[in-house]
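Visitor: Got chain W; can you put chain P on it based on the hints?
Given next are the chains, with one letter for each unit.
Protein chains: 2
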Amino acid sequence: MKQNIYDNEVFFTNYKALREDPVNYNELLEQPEIKRMLPDLKGKRVLDIGCGMGDLARYCAEQGAASVTAIDPSSNMLQEAKNRNSHPAIEYVQTALEDAVMASESYDIAVSSLVMHYVAGYEAVIQSIHAALKEGAILLFSTEHPIGTARKEGDKWITDAEGNRLHFAVDNYHEQGRRETKWYVDGVIYYHRSIAALCNGLIRNGFSLEEVIEPIPDKAAIAKLPRIEHELRRPSFLILKARKAARP
Amino acid sequence: MKQNIYDNEVFFTNYKALREDPVNYNELLEQPEIKRMLPDLKGKRVLDIGCGMGDLARYCAEQGAASVTAIDPSSNMLQEAKNRNSHPAIEYVQTALEDAVMASESYDIAVSSLVMHYVAGYEAVIQSIHAALKEGAILLFSTEHPIGTARKEGDKWITDAEGNRLHFAVDNYHEQGRRETKWYVDGVIYYHRSIAALCNGLIRNGFSLEEVIEPIPDKAAIAKLPRIEHELRRPSFLILKARKAARP
Chain W
1 MKQNIYDNEV FFTNYKALRE DPVNYNELLE QPEIKRMLPD LKGKRVLDIG
51 CGMGDLARYC AEQGAASVTA IDPSSNMLQE AKNRNSHPAI EYVQTALEDA
101 VMASESYDIA VSSLVMHYVA GYEAVIQSIH AALKEGAILL FSTEHPIGTA
151 RKEGDKWITD AEGNRLHFAV DNYHEQGRRE TKWYVDGVIY YHRSIAALCN
201 GLIRNGFSLE EVIEPIPDKA AIAKLPRIEH ELRRPSFLIL KARKAARP
Chain P
1 MKQNIYDNEV FFTNYKALRE DPVNYNELLE QPEIKRMLPD LKGKRVLDIG
51 CGMGDLARYC AEQGAASVTA IDPSSNMLQE AKNRNSHPAI EYVQTALEDA
101 VMASESYDIA VSSLVMHYVA GYEAVIQSIH AALKEGAILL FSTEHPIGTA
151 RKEGDKWITD AEGNRLHFAV DNYHEQGRRE TKWYVDGVIY YHRSIAALCN
201 GLIRNGFSLE EVIEPIPDKA AIAKLPRIEH ELRRPSFLIL KARKAARP
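Chains as they are written, first to last, in our numbering: chain W, 1 to 248; chain P, 1 to 248.
Here chain W stands alone, though its shape is the one from the complex (with noise of 0.2 Å):
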């Protein structure tokens, strides 16, 4: 996350475009499920990590939170989401994840929707968010799926000579780490990470399970964007609710 991609005039225009678009895959498989899972937030203290342009920190105002602290580094994103979704609940801080300087003990709910697999130091922000909840809060985020960050090269979906997907490719599963793209620019810096080191950092941390979720498209989703439906041939997200635990 410190990488900040969001930065870079090239990347953000093209991104503002495409998550302008609601028919994207966010909007149709990630943010339906995070919605679904989220606790009622009704007075609720919510702490928004890695917020973007603010749709979700706005959504959990408009559920009802007392307060949503809704923290990015980028100052683009910032700006956006001050243009866009501003709301008396809610306070925007410019600053990278993994030096959030924040109250203890103080939130109900952390969200962070696809953030983390920009994170250089998982297990070091779970500490953090660990710190920063409440005993019996809830952290809920989601991620690129493991199997689809895990190969190092070339195209993850492999084609016939007419482009027709055959299947989806794995490969370097147990190299995690740096991993680097091109999306929109060059360069574009992701972590990859196993399932078992996702879920054991945050039971190691304090944390207990509550729900792991692989959002499927339905239907409509795929009458609304019909290549979406090769989403049913491979997990394309990994959602993770787990609870701070009580102290024993």
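Certain hints may be false.
You can't tell identical chains apart in this list, so a pair holds if it fits in one copy or across any two.
In the DSSO-like style, the derived pairs of lysine-lysine whose C-alpha atoms are separated by at most 30 Å in a straight line are [unchecked claim]:
# : residue 1 : residue 2
1 : Lys182    : Lys156
2 : Lys182    : Lys82
3 : Lys182    : Lys16
FYI, nobody ran anything at the bench for these hints, they're computed from the structure.
Predicted model only: the values in this text are computed from it and were never measured.
Guide: Okay, now just chain P, sitting in the frame of chain W:
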């Protein structure tokens, strides 16, 4: 598991030869992790689900378990188990997992090695195990990794013309259920389940997840069996350790 391929003579003869060679995937990759993850066995009552030839049952007895109830549907397997792995603490019982009538809240530890992918009704079996365990008891099981069971057709390792493995193929991931394959004989049935289904089937039936392991071959294993190095490239097995939660 109601299919009982292990009582097919062609299959069984081949399978026995495979397992008699200690240089195999189970012995090098899966069994070391299972043994590491088992809690202290001294004086404990152990249930071994799908015990096969009884090697793990005997290990548990030799580690000091007070009793090992070792169940399997295959008379071939149980005959081998009794021949090789008899022990005063072990009782071998022939029964289908789905039909096993187990005493209520009797066991401290349930262990099951590479059996769950043969079970048609995963959650029903988890519920039976839950009923058979004492409060606070451990369930530890390994299964073929969902990434390995997903694709319905074709070889899963994609190779070039010289037979070099290019990558591992994933497909049909969200189509859970019955799969058929050839393993020594045609028509070996197993069941594909998603990672989410395996984890949530534990959580929503009264278990808390304690550890998630995807075994990685170490240098010693690669020295003994060089082609096991490819198991660094994809997750081979999934091992889940869970605890029967205390009543609220």
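Visitor: Each hint should be assessed against the structure and marked as holding or not.
Guide: Structure-based check of all given hints:
no., hint, result
1, Lys182 with Lys156, "both (13 Å within a copy, 27 Å between copies)"
2, Lys182 with Lys82, "within (28 Å within a copy, 59 Å between copies)"
3, Lys182 with Lys16, "within (17 Å within a copy, 49 Å between copies)"
The structure shown violates none of the earlier numbered hints.
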